[in-house]
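Construct the entire structure; sequences and hints are all you get.
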Amino acid sequence: MSKLPAAGRHQNIVSLVNGGHGMSIAAMAEAFGVSTETVRRDLVALERNGALRRVYGGAIPSDRKAPLEDRVLMERAGKQAIGRKVSSLIEADQWIFMTGGSSVLAVAEAMRDGPTVSVMTNMPAIGEALQAGQRHRVHFTGGEYNASSKMLIGDEVFDAIATCSFDLSIVGVYGLDERFGLVEETRHNMRLKLQIVSQSRDAIYVADHTKIGAPGRYQSIPFKDISTFVTDEQLAPRFTALLTEAGASILYPDTADDATFHVSSAAENPDHE
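Taking numbering that gives the first Met the number 0, the leading residue of the sequence shown gets 0, the next gets one more, and so forth.
It cannot be assumed that every hint is accurate.
Dumping the calculated EDC-like pairs for lysine to aspartate or glutamate here, alpha-carbon to alpha-carbon at most 16 Å [what the hints assert, rightly or not]:
no., residue 1, residue 2
1, K223, D201
2, K223, E244
3, K223, D176
4, K223, E177
5, K149, E127
No wet-lab data here; the hints were simulated from the structure.
Right, here's the structure in full:
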């Protein structure tokens with residue numbers, strides 16, 4: 000792409016980011032034929048105008064509350080790769096809680112024909128994805144249906160899980176903050192994730208790369224309580240260190256084949272920029 004004036008470049012950046020096609024700062028710089036510093040200045044200006052949200056290494060859509068049908072199309076290949084990895088970790092007859100979210104939905108789709116399990120969820124679409132294979136038992140929490148998030152919310156959700164003891168919880172990530180760990184936008188989701196993790200023998204956290212560095216209003220799971228973190232792109236060194244030094248395993252899709260994964264170590268030194 001030839002160099003554009005700032006106004007034209009800004010329009011193209013907004014279109015790419017809010018269209019769900021995540022790009023790193025380095026990729027934007029290459030695409031527009033400008034320096035990474037120019038892109039950073041562009042992102043600052045665009046964020047100030049409310050056009051997008053900056054995160055470490057790039058930007059995410061300004062409206063992170065987009066309907067589920069829109070979110071499932073954002074970073075779809077990465078979410079599908081995450082789904083395949085997590086499904087490979089599932090064991091037969093496990094009792095699993097799956098939170099809502101587009102990444103967790105991708106996990107459910109990948110689990111469809113996998114080992115037979117019992118799942119509780121507050122997201123009907125997850126149950127539908129699992130039942131497409133007609134092999135899993137699915138339990139819904141009950142609660143008020145939120146048409147935008149496609150999730151069940153309210154006291155009934157907490158009542159349903161109050162006496163449960165799960166083998167595993169699969170937890171969608173709203174944001175990974177370098178100071179607080181996992182963060183959430185709502186108190187309901189913050190409470191729910193804290194509770195299900197406390198009632199699970201193990202937990203797997205799933206996040207596509209746009210969630211890394213994304214802010215949230217409420218602190219949820221601290222780094223020290225994260226055991227397995229699955230994401231679609233190599234983390235920046237500081238996030239790798241924060242997770243691995245706290246004892247977490249980080250699972251990635253291999254760059255050559257997104258169906259092959261490896262575990263990160265603190266000695267690796269990846270950087271998107």
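Hints versus structure:
no.	hint	verdict
1	K223 - D201	holds, 14 Å
2	K223 - E244	holds, 9 Å
3	K223 - D176	holds, 13 Å
4	K223 - E177	holds, 12 Å
5	K149 - E127	holds, 12 Å
The structure shown violates none of the earlier numbered hints.
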